[in-house]
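**Student:** Residue-level listing of the chains:
Number of protein chains: 2
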Amino acid sequence: MGTIEELTASVKAQGDVVRALKADKKPKDDPEMVAALKKLTDLKKELEEASKPVETNPFVKTRGELDDVATRRFFYRQAFAIYGGTAGFYTYGPPGSALKANILAAWRKHFVIEENLLEIEDPTIMPHDVLKTSGHVERFNDFMVKDVKQEDKFYRADKLLEEEMERRIKLPATTEEDRVKYTKDLTAADSFTKEELGAKLKEYGIKAPETGNDLTDPYEFNLMFPTPIGPSGMLQGYLRPETAQGIFLNYKFCAEQNNDKMPFGVAQIGKSYRNEIAPRGGLVRQREFTQAEIEFFVKPGDKKFDKFRTVRHLKIPMLSSEVQLKGQPSFVKALGEAVDDGTIANETLGYFIGRVYMFLEEVGVKSEHLRFRQHLPTEMAHYACDCWDAEIEVSTGWMETVGIADRSAFDLTVHAEKTKVDLFAQEKLEVPETVEVVSMAKKAGALLGKDFKKEGVRVRGFLEGLKVEEARALEDRVKAEGKSEINVGGDKFTVTKDHVVFDIKKETKTSRNYVPNVIEPSFGIDRIFTAVLEHSYYARPSDPEEKEKEKIVRGVLGLSAAVAPYKAIIMPLDQRVSANETYQAMEGELRRGFAHRGINYKVDDSGATIGKRYARNDELGVPLAITVDFDSIGMGEDKALVRTVTLRERDTLTQVRMPVGDVAETVARIIMQQATWAEVQRSYSEVKNAASAAIGAGDGGGAGGSSQSAPAGGGSGG
Amino acid sequence: MGTIEELTASVKAQGDVVRALKADKKPKDDPEMVAALKKLTDLKKELEEASKPVETNPFVKTRGELDDVATRRFFYRQAFAIYGGTAGFYTYGPPGSALKANILAAWRKHFVIEENLLEIEDPTIMPHDVLKTSGHVERFNDFMVKDVKQEDKFYRADKLLEEEMERRIKLPATTEEDRVKYTKDLTAADSFTKEELGAKLKEYGIKAPETGNDLTDPYEFNLMFPTPIGPSGMLQGYLRPETAQGIFLNYKFCAEQNNDKMPFGVAQIGKSYRNEIAPRGGLVRQREFTQAEIEFFVKPGDKKFDKFRTVRHLKIPMLSSEVQLKGQPSFVKALGEAVDDGTIANETLGYFIGRVYMFLEEVGVKSEHLRFRQHLPTEMAHYACDCWDAEIEVSTGWMETVGIADRSAFDLTVHAEKTKVDLFAQEKLEVPETVEVVSMAKKAGALLGKDFKKEGVRVRGFLEGLKVEEARALEDRVKAEGKSEINVGGDKFTVTKDHVVFDIKKETKTSRNYVPNVIEPSFGIDRIFTAVLEHSYYARPSDPEEKEKEKIVRGVLGLSAAVAPYKAIIMPLDQRVSANETYQAMEGELRRGFAHRGINYKVDDSGATIGKRYARNDELGVPLAITVDFDSIGMGEDKALVRTVTLRERDTLTQVRMPVGDVAETVARIIMQQATWAEVQRSYSEVKNAASAAIGAGDGGGAGGSSQSAPAGGGSGG
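These protein sequences, in sequence, are chains A and B.
Residues 1 to 718, numbered by the UniProt record's numbering, are exactly what the first sequence covers, in order.
Residues 1 to 718, numbered by the UniProt record's numbering, are exactly what the second sequence covers, in order.
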């Protein structure tokens with residue numbers, strides 16, 4: 001197979017051959033004609049194949065299988081399914097809800113506990129004033145376009161542009177120069193103004209995807225869900241667009257709990273809402289989603305951070321603003337170097353980039369499909385002064401998953417201005433400062449009250465509010481002219497040299513107030529969930545002994561024990577075992593052992609073969625399976641095996657045999673990462689010949705080594 | 001002090017004495033007159049004192065102190081405080097948020113894991129159709145009254161009636177007969193119709209509490225928060241009024257995951273919303289609150305439950321519908337007996353009452369302030385057929401906290417009818433049933449198509465939909481009359497004896513479909529949180545050596561280690577210790593040990609005395625305090641104590657000394673209930689003379705036994 005250029009040339013040449021034969025009036029069934037036509041067809045097919053966009057993303061191939069598992073096993077589904085579904089809303093079913101809860105538990109441990117953050121829970125409904133101040137009432141908009149002929153068809157203008165750019169970038173015919181241009185427009189799509197977007201849609205001739213009709217010009221749509229608070233309808237509320245605002249509102253009270261020490265961080269986990277125009281993309285673009293956000297308050301100008309040394313060495317794939325603007329690919333750099341050379345603005349930002357990287361790896365994101373992209377100057381949110389997104393590659397491309405922004409002092413400043421509540425931190429001055437303070441001399445102050453009556457207080461307030469140099473100038477003026485007119489909030493008063501006598505005192509200040517800056521790592525938990533599922537899914541190679549027609553996909557979720565929805569599955573080998581009293585006692589002991597330790601487990605005592613049941617639980621990502629076989633209940637030959645069970649590890653397909661009493665603690669130690677599977681294997685005897693059965697090869701599969709000892713006519717061999 | 005009757009008589013008698021003296025024209029300064037008047041005043045005061053309502057609720061006394069702790073330490077505050085606050089919304093601060101999360105974690109362990117429930121997460125926004133079907137659009141109302149002169153003053157009509165009844169019940173002058181009447185109206189207030197409520201408000205002359213003005217008649221106000229979904233405004237949404245509906249919507253998908261086995265339970269934890277008319281009562285009546293609900297699906301008519309035997313023996317305080325209607329007090333009965341004698345409707349309901357009782361005790365509700373109240377027939381929700389509320393006594397009275405309802409098949413039935421989706425369970429019939437099935441004879445069926453053309457299918461559908469006896473009757477009729485007219489959905493057709501030839505077949509059914517019934521335990525988590533705080537708070541007796549003027553309340557939250565927000569506090573004895581390198585290494589080791597185990601801890605290295613810091617952390621409910629003293633860092637006399645610390649238990653005020661390396665595991669074992677404090681005390685040497693210092697007696701307090709070994713001039717003695 002040649003290059004596209006070579007193939008194009010070959011097709012053209014072979015076309016000429018065919019045309020020449022036709023010109024010679026060769027009949028269609030002439031062997032030479034037949035051969036020439038066949039060759040042309042083959043070459044055309046080859047060219048078509050070569051012209052297809054090259055797919056380098058490994059998750060595209062398995063996405064269909066994963067979607068099937070996700071729906072069939074109820075990891076999640078579109079919400080309100082029995083009512084036909086509502087776009088942008090999803091339900092997490094039992095394994096999905098458990099996986100999500102485990103990701104959140106890992107987050108709490110990694111951030112709240114290890115970073116000693118203060119966690120709060122603020123309401124999801126917020127009153128208008130708060131979101132007016134934060135800028136969301138005015139600026140939390142997307143640009144919407146409508147189909148000019150079908151006004152119920154809405155689209156997000158930037159998404160249409162992005163999709164068109166992605167399509168064009170993948171076309172083989174695209175030149176390198178165009179690719180750079182498209183990549184720039186792709187990156188900048190969500191930062192274009194209304195006018196810029198409109199111009200781009202026109203430039204690329206983008207139409208309504210469903211009908212091919214023209215589109216309207218883009219216009220703003222506010223993405224907050226409005227709702228009235230109380231019965232009068234007087235108090236406008238909104239569902240919060242981010243959890244961050246709740247933290248800013250409580251900054252003061254949290255600072256108090258931290259004894260007013262800086263720096264410190266506050267975290268919040270909870271639902272946020274975006275009334276998306278036309279949500280597609282499954283879990284990734286929901287109207288209701290779960291955020292976990294940290295606001296880490298620091299002193300402005302002092303974003304050095306002692307703990308940064310613990311992450312300096314981490315080598316991180318980065319896509320800086322600079323390389324994006326040049327249309328260049330990402331590069332890998334150690335965090336220390338990136339902060340030193342100014343790629344990353346400061347140590348605190350760099351520290352959280354490192355911690356986010358570690359967290360994502362820990363819950364199961366593959367680091368080779370993870371990069372940190374810096375926002376372009378044009379796409380920065382209205383509050384941010386530097387921002388990096390953790391992007392994860394999934395089947396739909398690179399997905400923004402965590403934003404790590406330096407929001408400067410924006411939020412605390414605007415809330416303090418609006419509410420007149422001090423949202424300051426205080427720092428001790430190493431060298432106390434001496435400042436001059438204006439106050440009235442005693443006699444002059446008394447005279448103000450006497451001469452101006454109840455207006456005296458206002459006049460005094462005005463005079464004592466003057467800056468030192470203004471006060472001295474006024475004093476000089478009245479001394480020279482005898483009197484002067486002053487303007488107090490629009491009212492004019494004449495003051496004499498007896499009124500204007502200041503007593504300018506020196507005061508020593510030992511502390512200084514400042515509004516803290518804030519570094520914000522903001523996590524889209526549903527997106528992390530998506531990435532963890534995509535990165536952990538794999539299809540087990542088929543068993544070579546399996547009959548061709550029975551070959552089906554054996555999907556496995558290779559989730560870590562820490563995040564897996566269920567940690568262990570209890571399985572009697574078959575219905576004769578499950579009916580046995582010894583089994584029942586053992587099941588009870590296992591249940592109690594797991595429940596006592598708070599370990600989520602399942603029992604699978606259905607009639608399916610052991611192999612099918614292994615396969616079924618591999619799909620759920622259950623890392624460990626406990627099988628109770630005939631040996632376990634004293635119906636095997638080796639009576640020493642009574643009250644032992646086999647424990648099978650999902651990914652290696654290896655099994656060990658251990659006393660039932662050891663199981664719950666062993667599982668607990670693996671979850672807590674206090675023991676590895678290799679260590680467990682060294683402590684207990686391995687069960688041989690288990691691999692084939694363990695794949696779940698249909699009805700022929702037995703339960704590992706145990707099947708040999710089944711009574712005659714019983715559990716079929718492996 | 002006599003009884004009220006005696007005192008009333010004495011006041012009257014003394015009044016007569018005074019009147020007699022006045023009749024004698026005694027002057028006011030006559031000694032006899034002065035003495036008589038003084039006696040009258042004293043008697044009146046005594047009567048007034050005796051007439052005050054008697055307060056038997058122990059939580060009223062400490063509520064003020066607890067409120068102070070809750071706000072000052074930021075367990076919770078009214079939300080949007082810097083914006084002036086919004087009624088019905090609260091923010092949980094760091095310790096409150098952690099306590100709530102721990103209560104939820106205990107709930108998950110107690111119910112989801114131990115009962116092997118399927119947990120799901122459904123959206124908080126729901127489309128109109130769902131809530132129309134469930135009855136909430138029409139029936140989720142409160143009755144509102146307005147002040148006739150000030151229309152911005154709203155009240156809940158039932159709450160006004162309840163408050164008036166509570167006031168009247170407490171009046172000493174109330175007769176036993178009236179008390180019974182008021183108690184009945186109090187209990188029934190929230191189940192009265194609009195008209196009944198209006199009549200009661202009139203009967204008792206209830207006015208607007210703030211102004212004394214008249215009130216309007218009661219009218220309905222729907223308590224759901226409405227919000228539009230999507231940009232068109234065409235799709236009406238609401239914030240969900242309960243988490244339960246999300247479970248019913250997913251019943252089918254959950255049943256599949258459970259291999260369609262019955263019974264089984266589904267759980268959901270999350271926010272629910274009620275747009276309260278005039279929320280008061282703090283955390284107890286919020287517009288946004290956290291629910292944890294279980295829907296336990298059972299076969300109708302088979303609510304026997306094997307696990308009921310595990311709770312039969314539990315003796316539970318009950319307030320059955322019967323005793324309430326008679327105005328009688330609660331009684332204590334074993335669950336087994338209550339189910340046997342019909343007080344509780346069935347075993348499944350009884351089982352969950354028992355499990356709820358155990359859960360509430362486990363998280364810190366005192367069982368002597370807990371009772372289960374049965375709903376009156378008149379107050380049952382529209383979907384329920386029996387319901388018991390777990391009520392907990394707190395400072396504001398008895399608070400409904402958990403509802404355990406038998407919702408019968410209401411919800412699944414209405415959703416199935418509306419959506420035409422089967423929400424059935426299937427059961428195998430022990431004895432297969434033979435049923436007759438109506439179908440058309442082949443020839444007649446063909447003739448229908450021929451004669452009625454495209455309407456043939458409808459006509460055939462109608463005929464095959466007839467019951468066996470109807471089909472036979474029609475067959476007989478056309479045989480006799482030659483033809484007959486039938487009405488198919490409003491259209492009339494004439495059928496002949498050639499059309500109406502049935503082939504009535506016998507079919508054997510081995511299974512039967514049914515709509516499951518559901519038992520619903522529904523938990524108000526914010527209310528449990530309130531109860532746990534009130535029941536765990538106590539004030540430490542003052543230290544007798546403390547100076548009178550320094551006597552302040554030493555509040556303690558006696559929370560169990562499992563739910564306490566922070567499990568341990570790390571404290572250097574003073575700033576000389578905290579500056580020491582050995583201390584810093586020990587602090588690092590402790591931090592890593594806690595973080596690794598996911599244990600929430602705090603460090604308190606502020607300059608306050610050790611006693612003050614103990615007191616400060618007692619208020620937060622921290623069960624264990626680790627102190628690093630001079631001995632710990634090698635500055636004491638006994639070098640054997642280097643790298644040991646003291647561990648102090650909050651409630652007993654006792655301390656032990658242990659190697660720093662043992663601390664994290666010891667704390668973990670106490671949290672997991674794998675070790676008691678008494679066992680820890682047996683394993684390590686006790687630190688004597690610690691009690692007084694441990695109370696936190698201000699600046700004079702030292703760190704237990706360690707202070708003796710402080711360097712000269714150092715940490716002051718205990």
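Derived by calculation from the structure, the hints in this document are not laboratory data.
Each hint should be verified, as a subset may be incorrect.
Just so you know, same-sequence chains aren't split out, so a pair can sit in one copy or run between any two.
Unchecked claim - Cut-off 25 Å, straight-line C-alpha distance, at most; resulting in silico cross-link-like pairs (BS3-like, lysine-lysine):
1) LYS428 to LYS612
2) LYS450 to LYS304
3) LYS181 to LYS454
4) LYS271 to LYS109
5) LYS299 to LYS261
6) LYS454 to LYS483
7) LYS366 to LYS194
8) LYS170 to LYS492
**Student:** Work down the list of hints and note, for each, if the structure agrees.
**Tutor:** Outcome of the hint check:
1. LYS428 to LYS612: Between copies only: 24 Å across, 68 Å inside.
2. LYS450 to LYS304: neither (56 Å within a copy, 89 Å between copies)
3. LYS181 to LYS454: neither (69 Å within a copy, 60 Å between copies)
4. LYS271 to LYS109: both (19 Å within a copy, 23 Å between copies)
5. LYS299 to LYS261: within (11 Å within a copy, 59 Å between copies)
6. LYS454 to LYS483: The answer is within: 21 Å in one copy meets 25 Å, while 107 Å across copies does not.
7. LYS366 to LYS194: neither (37 Å within a copy, 61 Å between copies)
8. LYS170 to LYS492: neither (71 Å within a copy, 63 Å between copies)
When the structure is compared with the earlier hints, violations turn up for hints 2, 3, 7, 8 and for no others.
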